[in-house]
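Residue numbers (UniProt numbering), protein chains in the order written: chain A, 1 to 508; chain B, 1 to 307.
It should be emphasised that the hints constitute simulated quantities derived from the structure, not laboratory data. We treat Cβ as the ideally placed atom computed from N, Cα and C, and that holds for glycine. Hints may contain errors.
Derived coverage of chain A by chain B (criterion: at least 3 residues anywhere in the stretch with Cβ under 8 Å from a Cβ of chain B; other residues may be distant) [what the hints assert, rightly or not]:
(1) 318 to 324
(2) 330 to 340
(3) 361 to 371
Here are the chains, one letter per residue:
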Amino acid sequence: MARAPLLRIGKLCKSFAAPVLTDIDLAFDTGEIVALTGENGAGKSTLSKLIAGLISPDSGEMLLGGERFSPRSRVDAERSGVRMVLQELSLVGTLSVAENLQLGAIPHRFGFIDRDAMNARARAQLALLGLDSIDPELPVSELGIGQQQLVEIARGLSGDVKLLILDEPTAMLTAREVEELFRQLALLRGRGVTIVYISHRLDELQRIADRVVVLRDGRLACDRAMAEVSHDEIVRMMVGHDVHEDEDRPRRASGRELLRVANFSGGLVRDASLAVHAGEILGLAGLVGSGRTELLRLIFGADQKSTGDLWLGGRPARIRNPTDAVAQGVGLLTEDRKSQGLLLGQALAMNLTIAHLSTVSRKGWIDGGGEERTAQQWKQRLRIRSKDSAQHVDELSGGNQQKVLFARWLHRDCQVLLLDEPTRGVDIGARADIYAELDALAKAGKALLVVSSDLRELMTLCDRIAVMSAGTLVQTFERGEWTEQALLAAAFSAYAQTMNMATDKAAS
Amino acid sequence: MKQALGLPLALLALVVGFGLTSEYFLTRDTFIAIANDIPALTVMAVGMTFVLIIAGIDLSIGSVLALSAGLTAVAMQSWGWNLPGAATLGLACGLFCGTLTGAVTVAWRLPSFIVSLGMLEIARGSAYLVTDSRTQYIGGAIGGLSTPLWFGISPAFLLALAIVVASHIVLRKSVFGRYLVGIGTNEEAMRLAGIDPRPWKVIVFALMGSLAALGGLMQLSRLEAADPNAGVGMELQVIAAVVIGGTSLMGGRGSVLNTFFGVLIVAVLEAGLAQIGASDPAKRVITGCVIIVAVLLDVYRNRRKRG
Ligand SMILES: Nc1ncnc2c1ncn2[C@@H]1O[C@H](COP(=O)(O)OP(=O)(O)OP(=O)(O)O)[C@@H](O)[C@H]1O
Ligand SMILES: [Mg+2]
Numbered sequence: 001m002a003r004a005p006l007l008r009i010g011k012l013c014k015s016f017a018a019p020v021l022t023d024i025d026l027a028f029d030t031g032e033i034v035a036l037t038g039e040n041g042a043g044k045s046t047l048s049k050l051i052a053g054l055i056s057p058d059s060g061e062m063l064l065g066g067e068r069f070s071p072r073s074r075v076d077a078e079r080s081g082v083r084m085v086l087q088e089l090s091l092v093g094t095l096s097v098a099e100n101l102q103l104g105a106i107p108h109r110f111g112f113i114d115r116d117a118m119n120a121r122a123r124a125q126l127a128l129l130g131l132d133s134i135d136p137e138l139p140v141s142e143l144g145i146g147q148q149q150l151v152e153i154a155r156g157l158s159g160d161v162k163l164l165i166l167d168e169p170t171a172m173l174t175a176r177e178v179e180e181l182f183r184q185l186a187l188l189r190g191r192g193v194t195i196v197y198i199s200h201r202l203d204e205l206q207r208i209a210d211r212v213v214v215l216r217d218g219r220l221a222c223d224r225a226m227a228e229v230s231h232d233e234i235v236r237m238m239v240g241h242d243v244h245e246d247e248d249r250p251r252r253a254s255g256r257e258l259l260r261v262a263n264f265s266g267g268l269v270r271d272a273s274l275a276v277h278a279g280e281i282l283g284l285a286g287l288v289g290s291g292r293t294e295l296l297r298l299i300f301g302a303d304q305k306s307t308g309d310l311w312l313g314g315r316p317a318r319i320r321n322p323t324d325a326v327a328q329g330v331g332l333l334t335e336d337r338k339s340q341g342l343l344l345g346q347a348l349a350m351n352l353t354i355a356h357l358s359t360v361s362r363k364g365w366i367d368g369g370g371e372e373r374t375a376q377q378w379k380q381r382l383r384i385r386s387k388d389s390a391q392h393v394d395e396l397s398g399g400n401q402q403k404v405l406f407a408r409w410l411h412r413d414c415q416v417l418l419l420d421e422p423t424r425g426v427d428i429g430a431r432a433d434i435y436a437e438l439d440a441l442a443k444a445g446k447a448l449l450v451v452s453s454d455l456r457e458l459m460t461l462c463d464r465i466a467v468m469s470a471g472t473l474v475q476t477f478e479r480g481e482w483t484e485q486a487l488l489a490a491a492f493s494a495y496a497q498t499m500n501m502a503t504d505k506a507a508s
Numbered sequence: 001m002k003q004a005l006g007l008p009l010a011l012l013a014l015v016v017g018f019g020l021t022s023e024y025f026l027t028r029d030t031f032i033a034i035a036n037d038i039p040a041l042t043v044m045a046v047g048m049t050f051v052l053i054i055a056g057i058d059l060s061i062g063s064v065l066a067l068s069a070g071l072t073a074v075a076m077q078s079w080g081w082n083l084p085g086a087a088t089l090g091l092a093c094g095l096f097c098g099t100l101t102g103a104v105t106v107a108w109r110l111p112s113f114i115v116s117l118g119m120l121e122i123a124r125g126s127a128y129l130v131t132d133s134r135t136q137y138i139g140g141a142i143g144g145l146s147t148p149l150w151f152g153i154s155p156a157f158l159l160a161l162a163i164v165v166a167s168h169i170v171l172r173k174s175v176f177g178r179y180l181v182g183i184g185t186n187e188e189a190m191r192l193a194g195i196d197p198r199p200w201k202v203i204v205f206a207l208m209g210s211l212a213a214l215g216g217l218m219q220l221s222r223l224e225a226a227d228p229n230a231g232v233g234m235e236l237q238v239i240a241a242v243v244i245g246g247t248s249l250m251g252g253r254g255s256v257l258n259t260f261f262g263v264l265i266v267a268v269l270e271a272g273l274a275q276i277g278a279s280d281p282a283k284r285v286i287t288g289c290v291i292i293v294a295v296l297l298d299v300y301r302n303r304r305k306r307g
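Isolated chain B, as found in the complex (with noise of 0.2 Å):
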């Protein structure tokens, strides 16, 4: 498939036009603040989008991402860990987590929609129970994450940028990625075509799990916090940024490199509404807005290649 301009072309939009609104826009600023945010959505988006691209969806990544959080931190604050035998169990959390709602979802054949909610309560109520429903303080002890390296980036967007290029590769041009798009195209097809999808679809969800725990790390890692009600609403961020780059609900269609875009564009226009003093409620309002037209976009653009 080839790559579609109209992505980059709505971000350079929008970074023009918030840039001639707001005199403080276009600044070095900005672009670190925007860089040193977007690391957690754009890790968890990546994983969003294999999930999209085999016709599931996975609600519970904000509460996982509360949950690997706050284990890592409790235990590094109140069991004494080490910081990689802490940060490895936040990941085995994240990952634990994954597997179990795709297991469960392929197992019983229920829709992901449905075990990813009853998920997303299970990891936020133990969430709670771990962090003793208090936020737990590290300091800076895996603050290495979010230090800025060179020119105030952090080795957090630079893990963020290499996970997505990886992934991007890895679903066009490997067996396991084109496995997932026909699994999303049509299962039953794929199934007596002799590949099990079954498999696959638990890897997509424990990949997902995993990338929700890093993100938890991220945050920690920035905030020096882990707070149990970290990532409320944040799988729908995730998901709007994924669709606004394109990836089908339907299954079978999503590029890794336009979810990179579309976590852009969410950023910018987060950063640039800001600056321009508009109030959270028109914040939410515009958001939404934008996700709709980029979606009758999406639709638009596809009906008139069929003719």
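So that you can see chain A by itself, here it is in the shape it has in the complex (with noise of 0.2 Å):
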């Protein structure tokens, strides 16, 4: 092309304690969708936020329209017309969405907020998402997680953007919210805007990116059309071998029932029933909000549930609060890891005993050597890239924060192991190693159940998948019934029948 790139990179480097990216050079036309992915810790996250102006680079330069760039904040880069959706939710909770969507630009008469203007604001640009069921006067910490994503994507769609970065703005969505971010991202393309995509899910980077760039280890290892290369070459080059993801397996031989829920409710949940046997991996599938989570939280006693009843290896058993289920050998990896799961600021070692200290210690003291060799041997499994086990975890990338919150919920060995979203944000390869580890798990004959937003990945893993539409149980399917669509429509039939509803109504 012609014309200057909208951003030019050059030589751009950043280490922390070491390196993290080295001469990294790159242009990014105008109206341009770029894929940026690669392993877990390839620098992905760091290169975004050395461009939206969130840390600054150790040496090289930036030139954006031809003029030199260097953000001296979020704020300076977006001034500049450079947004970022970050991988971690940075919405404060105690605000309204409205307050959050404007944060920084709240409209006001004579120094008080127009209420009315702000939640008319709120209301359209939650509408460019199809996010017309929020209320926009509602505090951010009640919408579920997936939710918070999407208010945060339409945080960084609105206001005046040049470039728009979006960290793995995906890793929660299902295939409708997707489908809404997608036609928006086309939308601003058209309207000459460049936009950054960061995914580890390949098949949505082959749909909507033109370009290409794969990091590894902190150098760049690709930057090609999309079109010119195909899935596995991009595999090959973020994790340097072939990852084979495979759906057609025989269903699992399972044994006798493990968990067995009956009528549930509470929150949005109402009258779940369900049975999870030794040996077999139950997905849970559905949309954002339908109440999988919720659904979660309740068997795990995190939230209190209004009725139901449960049995644990065939026997009636009460759960009434995390202590309680852990001790009974049922454990949930949360959703949220930032404020559910992670111990921030402490070392990676301390997170990923947590949950089972008498592993590590004796008569209640801590055997530090037992705890580094626990560390060691999980850092080594699943493949958790960090400078040692002493290293906090805050500054591990996403992917490797999750890596380790799984890792804590595999060293507790629990019977009974409730999965929300467990391959979140990770790369293909330790996405092939978690779906190993939990084939194994099954085999060991414990039993799974698993929520996930990316339906491919429930067809690999279970046995069973039951989708939950509206907070209810629909529909349950054995393996080799199912087909994506069969999936999806069950996941938006109870949605249909209340719009039938409500369309009844207003006609009587």
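Make one complex out of these two single chains by using the hints.
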């Protein structure tokens, strides 16, 4: 192309304790969508944060529209039209959706917040992503994490933007929300906005991106037109070897029933019943906000159910709180790793062993050597990338944080494991590792209940898939019976019904 | 975590600085005076370190100190109790106050700031009631705790030192300490990891109350009297020492050993300023500045580490 690129990056370097990015040379043209991918810890988020002004480079330079660009802060970058949607959620939980959407530019009259204007503007922003159902006056903390992610994206889409960076925006979104997002991104591209799109879902990247940039160990491994490279090639450039995901597996042999819940209600969830057997992986599919996470939390005792009975290993059991659950061999890997999983500011080893300290302590005293060995074992087994086991988890990349939490529950060795988005943010190679671990758990006779927004993931992993829609379990599919269409149709079914009822009411 | 060198260096600088300005500072008497002055402050600062680590705060400790000391004195003077009985009663009283603060905080999910503010008033009022609003003299009855053993060092100082060492090890090496750090870092994450934070939090406040009572006994033994006004404002002095020692008010980070350095810095500052003839108001201004500088240094250190 003859025209000068929108953003040119030259010899950009950044190191923390060790070099993270080395000599990055890149150019982004006006109105293109660039896929940025690479292994966990390759430096994608770091590169984005450099561009968006959250951190500053050690050396190298950036030119935006031909002029030197060295933003001192995120706000500074936003003033130049460079916006970023962070990998980790950064909304203010106590503020309303509308306030969060317009943080920094809240409309006011005579020094007072102009609530009507603010809410109207928020509704327009939400409508862009088809989020008409979210009330702009609701405090953000009352939204599910998937919805929070959508609000965060909506904030990024609005305003005067020339370059938009999305750091794993779809890690927790289901097909429907992804469609809405892609429609908006196409519109933005049409208006000449440049988009950098970070994701580990290669099929998404291939659908939307014009160009693909792969980082490997902080260096540029590939920068080519998307049409020129195949799926397998990208995978090889990312992880250095082929990765096979096999959807056509026979159903696992399942044993006795380990978990049964009957007529669970509470919050969004109404009258949910299901059973998981030893050696079996049961999937839980549904749209964002359909109550999947809530159901897991009710089973685990993290939230109080209003009704429902529970059996563990065939015997009636009571789980009043998570402590009860864990004591009886039930674990929950939460979806919101920052606020509900990680002990930020503490060592990797501590994060890993905290749920099962008895394995690394004697008579109430921690065995430092034993803890170090345990941490090293898990670090190698799951290929967690960190300086050492004392490194604080907030310094790890998103995917590596996820692996730490996954390791925490593997180490706990539960009979029944509830997993909410177990592969959130992990790269293709690590995802295969996690699948293998889950498969091994099932083979060892554990019962697993997996929530995922990625239908393909559930179809790869599970022996049965139960579909949730608007808080109820609508249908359960056996392996071999399901198709993507059938699962999606089931996920929509209860919403379609309420819509029909609403139109019926309106008509009568 | 590695022991930072900043605090010992700051302490050394203070000692050298005062040594240069006042010819009487670098004498045995000064150090003995400091050593015998700080036991109460030290044991309470140890307790406060634990409280801050779980992201709580206890403002009632000055009052609890006065109440426990008052109760012990009255039991000996007016009710004719023997020393062990009366001392046990004082400690039990501190334990009770702390447990109550902790239990109410946990049961109703209130900020400990508010609950302990209530306890501050309750314990102070009770101290007046118990002592009839009069200073209770007990003579040398428990002087043993502060009679110098060797080189002018009292058993109280040795006890405080032992508590510092033991608590430091507990916080670093025990499962209990690990849980406290986890709770202060992310209470919800701990709950979801299957660890119920509530009993641990109550234990920490109970410990704090008991240590405040112990501080009361130490003062009682040294002053030979229980003043219902004892320990007014002491909670702030204790928190200042802990914060100078680098413990975070946000929870999850702190060290008992560093707290001890914080206590020493506060005590040396106090003694040194008095010796060079600083007025009381000037002393307070300077101490205030030191607190702010200490916190700034801590913030700066953390930022630089994060890059
Ligand atoms: N503040 C920090 N201090 C030390 N190291 C850091 C810090 N932030 C990032 N790193 C390191 O830099 C490397 C790159 O991290 P980055 O978050 O950019 O990876 P990423 O490509 O976004 O990975 P993911 O796919 O897991 O999100 C990691 O090894 C990480 O440990
Ligand atoms: Mg990242």
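These are the hints, each one checked on the structure:
no.: 1; hint: 318 to 324; verdict: holds (count 3)
no.: 2; hint: 330 to 340; verdict: holds (count 5)
no.: 3; hint: 361 to 371; verdict: holds (count 5)
Of the numbered hints listed earlier, not one is contradicted by the structure.
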